[in-house]
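Build out the structure end to end from the sequences listed, making use of the hints.
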Amino acid sequence: MAVVQDVHGHHDHHPSGIMRWVTTTNHKDIGTMYLWFSFAMFLTGGFLAMGIRAELFMPGIQILEPELFNSFTTLHGLIMVFGAIMPAFVGLANWQVPMMIGAPDMAFARMNNWSFWLLPVAGSLLISSFFVPGGAAAGGWTFYPPLSAQGGLGVDMMIFAIHILGASSIMGAINIITTILNMRAPGMTLMKMPMFVWTWLITAYLLVLVMPVLAGTVTMLLTDRHFGTSFFNAAGGGDPVLFQHVFWFFGHPEVYIMILPAFGIVSEIIPTFSRKPLFGYSSMVYATASIAILSCVVWAHHMFTVGMPAVGQLFFMYATMLIAVPTGVKVFNWTATMWRGSMTFETPMLFSIGFIFLFVIGGFSGVVCAIVPIDIQVQDTYYVIAHFHYVLVSGALFAIFAGVYYWLPKWCGRMYDEKLAKMHFWLSMIFFNVAFFVQHFLGLAGMPRRIPDYSLQFADFNMISSIGAFGFGLSQLLFLYIVIKCIRGGEKAADKPWDGGTTLEWTLPSPAPYHSFETPPVIK
Amino acid sequence: MSSKSVMTLVGSVALAFYSSMAFSSKYNFQEPQSVIAQDIYDQHIWALWICLAIFVGVFGVMFYSIVKHRKSVGYKAANFHHSTTVEVIWTTIPLLILVAMAYPATKTVIAMKDTSASDITIKATGYQWMWGYDYLQGEGEGISFYSKLSTPPAQVTNKEPKGENYLLEVDNNLVVPVGKKIRVITTANDVLHAWWVPAFGVKQDAIPGFIRDLWFTADKPGLYRGQCAELCGKDHGFMPIVVEVLEQEKYAQWVADKQKASAAVVTTAAVGN
Ligand code: HEM
Ligand SMILES: [Cu+2]
Ligand SMILES: [Cu+2]
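Chains as they are written, first to last, in my numbering: chain D, 2 to 525; chain F, 153 to 425.
A portion of the hints provided could be inaccurate.
Result set (SDA-like, lysine to any residue): computed pairs, CA atoms no more than 25 Å apart in a straight line [said to hold, decoys possible]:
hint : chain 1 : residue 1 : chain 2 : residue 2
1    : F       : Lys-386   : D       : Met-464
2    : F       : Lys-300   : F       : Lys-410
3    : F       : Lys-386   : F       : Asn-310
4    : F       : Lys-314   : D       : Ile-64
5    : F       : Lys-259   : D       : Leu-315
6    : D       : Lys-497   : D       : Thr-508
7    : F       : Lys-410   : F       : Thr-273
8    : F       : Lys-333   : F       : Gln-190
9    : D       : Lys-423   : F       : Tyr-216
10   : D       : Lys-493   : F       : Tyr-216
11   : F       : Lys-259   : D       : His-516
12   : F       : Lys-386   : D       : His-516
13   : F       : Lys-223   : D       : Met-464
14   : D       : Lys-193   : D       : His-516
15   : F       : Lys-311   : D       : Ala-460
Sample of chain F residues facing chain D (criterion: CB under 8 Å; computed from the structure) [unchecked claim]:
hint : residue
16   : Ile-197
17   : His-234
18   : Lys-265
19   : Ile-272
20   : Asn-341
21   : Val-343
22   : Leu-383
23   : Cys-384
24   : Gln-400
FYI, nobody ran anything at the bench for these hints, they're computed from the structure. Note that the Cβ used here is the ideal one computed from N, Cα and C, for glycine as well.
Spelled out as structure tokens, the structure:
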């Protein structure tokens, strides 16, 4: 690969200081920037969540007027999904994919730089939209028209930000696909790739498939808003429900984009700390692929209350329930991997087990939501909020934490503080459940989502939930402290700090050299 | 863990689970007031039991393994990594369980969609931020009014103590007779809204420019409260729905009163000219 050669030639005299980061084409530098960016966005989105939970601490309006409250939930959702979770996974892929397949760098090193530097632009657009006349977008992270046709400049800034984020994701995905398909070390056949690489390969295909659809959707919204089209406006012959179909054709695969790499991380960590090979490797690969394919034909399960014909509702119900099968296979495989292993419970393992435990709860509430009659009751209530935080926070986010603790010794050549990290785990685990478990009850009892104020029967659970949320938010500052402490100093890490590790990155020195594999390793 | 402590654990989880259902409306769906809502309630409980069984099964095995198969107790790792038989079994069983959940749901979906042969048809229109009701057909035909939140703003801004039905009360209730099949047609004037009354198991988006419908038959007279369930802007949290279900005679009386009142309005208007 010509691009790679070029980078290779310069590796001893790359610029230092700020220019190192602005001009870098190195997968590790870029991975690092992705991860820090994602953490900054996580804190921003977390700040908004704290605002939401503070307002909902008691009945009545206290600190956020309804319109601002709606902006908070909207931007919280957008920032967490597009700013925190997705870039974190791309950051992990940047660091790990080349190392795990025995490559020196990513395939398109310069494009890699671009796909990162688009993100801060989009992030600043989203955040600064709070300060323009009319305020930030307030139509929910799903921005359904006609409501989203009503907002002011903030909505246009959101649309523009989504365009940029989409472009960045597509570039990142193409880069990952090309790297995985072309740059594997000799002997590493597809069916010998680590699971993390497999799940990212499949995720990248999903991204390339659905991000353009999202771009199309927001473009149609933009032209409806400013150029007189009526795609989603009934008065002009359009249909607001069309928007929802197109949005969720992107949106459902999107949720798998946020969970498949998490499956990959957990599938690396469980075998390492069980000192036993992953159970059912090939069925894991097939399960991931079938989840990805099924995820493209279930979108309207988010629309069971728009009034589809019965056949439509039934089709989407059956297809959605079917996803539970490959998902179940994964959980069973992880359990079987642990079975008769020789387990130890360092922080990455704790977060992985926490992931499985809570993700399964989110999976159960997912199946409950798939059953149309039940979903008609719980759709757009706090039950759904609980469901997707179980899969996004204790799912995607916990897996990201697990991955960071797992690979941090390789990245910076030092061990993190195990005691503090375990504390981070237990605090997150407990406060997460305090914050979100009670929301199931709130939803069942009838509390709608996206409301700044609620009737009195919901008061006690909301207070509990807010207390849990504040605790969860504070615990994440501990994570920041642990990571900084690890980078600053900390015990020197061995090349292979986890004795059960079998993938290629553990054959490199710690910290990993600037260019991962100058000469490709040979896999037998 | 000894098998006895496992049994105790399973027993107490099941008990906690069961007792939480007894407090119904706080931890569970509101008490069902229609056939459909009852079906939904039952299917949800059925789904919960299935989930609980799987949960206990999977995590029983996992936690047993976590306790026994750890390095610190000197357990040596085995080296197996697949078994086709096991994998076929744990793909098939979940499939069968899903069929058992989907079957009753399918019947309910079909029943929910059957809005034919209704006794009364009412149009519900979502506005930013209130509901409009028009009685289109059946007893009460021609009645039409708006229904707005009646909680005083001072309660929302914490200047006054909050009343019992805070945010769940309106100036004009939607009034229907008990035991009659009511068809509600939903639409909206501006943005999306959703008409939701949990006790009847109905929730239907109201879409500007389009109409959709739903039906319910109330089992008992009473007041049933719901809320708008689709984000519709600033006051989305402040446009509740209150359905007042009356005995047949009282309903007839209400219709008569309403019609007399509107006739009076028409007459005064005519006199005024
Ligand atoms: C610090 C932990 C978090 C807390 C306390 C929290 C809290 C909340 C709350 C209370 C809502 C409901 C707002 C409403 O409907 O009124 C919400 C919505 C949402 N959250 Fe979170 N959240 C957290 C983390 C996350 C993460 C990590 C994600 C990852 C993707 C996420 C994604 C979302 C999304 C997509 C919505 C829907 C927004 C909308 O309604 O448009 N949240 N969150
Ligand atoms: Cu979905
Ligand atoms: Cu609304």
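Each hint tested on the structure:
For the suggested pair F:Lys-386 and D:Met-464, the alpha carbons sit about 23 Å apart, so the restraint of at most 25 Å is met. Simply put, F:Lys-300 and F:Lys-410 have alpha-carbon atoms about 18 Å apart, close enough for the 25 Å limit, and the pair holds. Taking the CA atoms of F:Lys-386 and F:Asn-310, the gap is near 18 Å; set against the 25 Å cutoff, the hint holds. Between F:Lys-314 and D:Ile-64 the alpha-carbon distance is near 18 Å, which keeps this suggested pair within the 25 Å criterion.
A C-alpha spacing of about 10 Å is found between F:Lys-259 and D:Leu-315, which places the hinted pair at or below 25 Å, so the restraint holds. The suggested pairing of D:Lys-497 with D:Thr-508 holds, with an alpha-carbon distance near 7 Å, which does not exceed 25 Å. Restraint check: the Cα-Cα separation between F:Lys-410 and F:Thr-273 comes to about 17 Å, which is no more than 25 Å; the hinted pair holds. For the hint linking F:Lys-333 to F:Gln-190, the alpha-carbon distance of about 16 Å falls within 25 Å, and the restraint holds.
Distance restraint check for D:Lys-423 and F:Tyr-216: the Cα-Cα separation of roughly 21 Å lies within the 25 Å cut-off, and the hinted pair is therefore satisfied. Distance check on the hinted pair: D:Lys-493 and F:Tyr-216 sit about 35 Å apart at the alpha-carbon level, beyond 25 Å; violated. Restraint check for F:Lys-259 and D:His-516: the C-alpha separation of about 61 Å exceeds 25 Å, so the hint is violated. In summary, the hint linking F:Lys-386 to D:His-516 is not supported, as the alpha carbons are separated by about 53 Å, beyond the 25 Å threshold.
Between the alpha carbons of F:Lys-223 and D:Met-464 the distance comes to roughly 42 Å, so the proposed pair goes past 25 Å and is violated. With a CA separation close to 23 Å, the supplied pair D:Lys-193 and D:His-516 stays within the 25 Å bound. Between the alpha carbons of F:Lys-311 and D:Ala-460 the distance comes to roughly 18 Å, so the proposed pair stays at or under 25 Å and holds. The interface hint given for F:Ile-197 is broken, as the beta carbon of that residue sits about 10 Å from the closest beta carbon of chain D, more than 8 Å.
Here the hint on F:His-234 is kept, as its CB sits about 5 Å from the closest CB of chain D, short of 8 Å. Below 8 Å, beta-carbon pairs count as interface contacts, and F:Lys-265 has one with chain D at about 5 Å; its hint therefore holds. Proximity of F:Ile-272 to chain D is violated relative to the hint, the smallest CB-CB distance being about 20 Å (cut-off 8 Å). Annotation: F:Asn-341 was flagged as interfacial toward chain D, and the flag is violated, the nearest CB pair being 10 Å apart, outside 8 Å.
Annotation: F:Val-343 was flagged as interfacial toward chain D, and the flag holds, the nearest CB pair being 4 Å apart, inside 8 Å. A least Cβ separation of about 5 Å between F:Leu-383 and chain D falls short of the 8 Å threshold, and the interface hint therefore holds. A cut of 8 Å between beta carbons decides the hint on F:Cys-384: the least distance to chain D is about 6 Å, and the hint holds. The criterion of a C-beta within 8 Å of any C-beta in chain D is not met by F:Gln-400, whose closest approach is roughly 28 Å, and the hint is violated.
Violated hints, listed in ascending order, are 10, 11, 12, 13, 16, 19, 20 and 24; each of the other numbered hints is respected by the structure.
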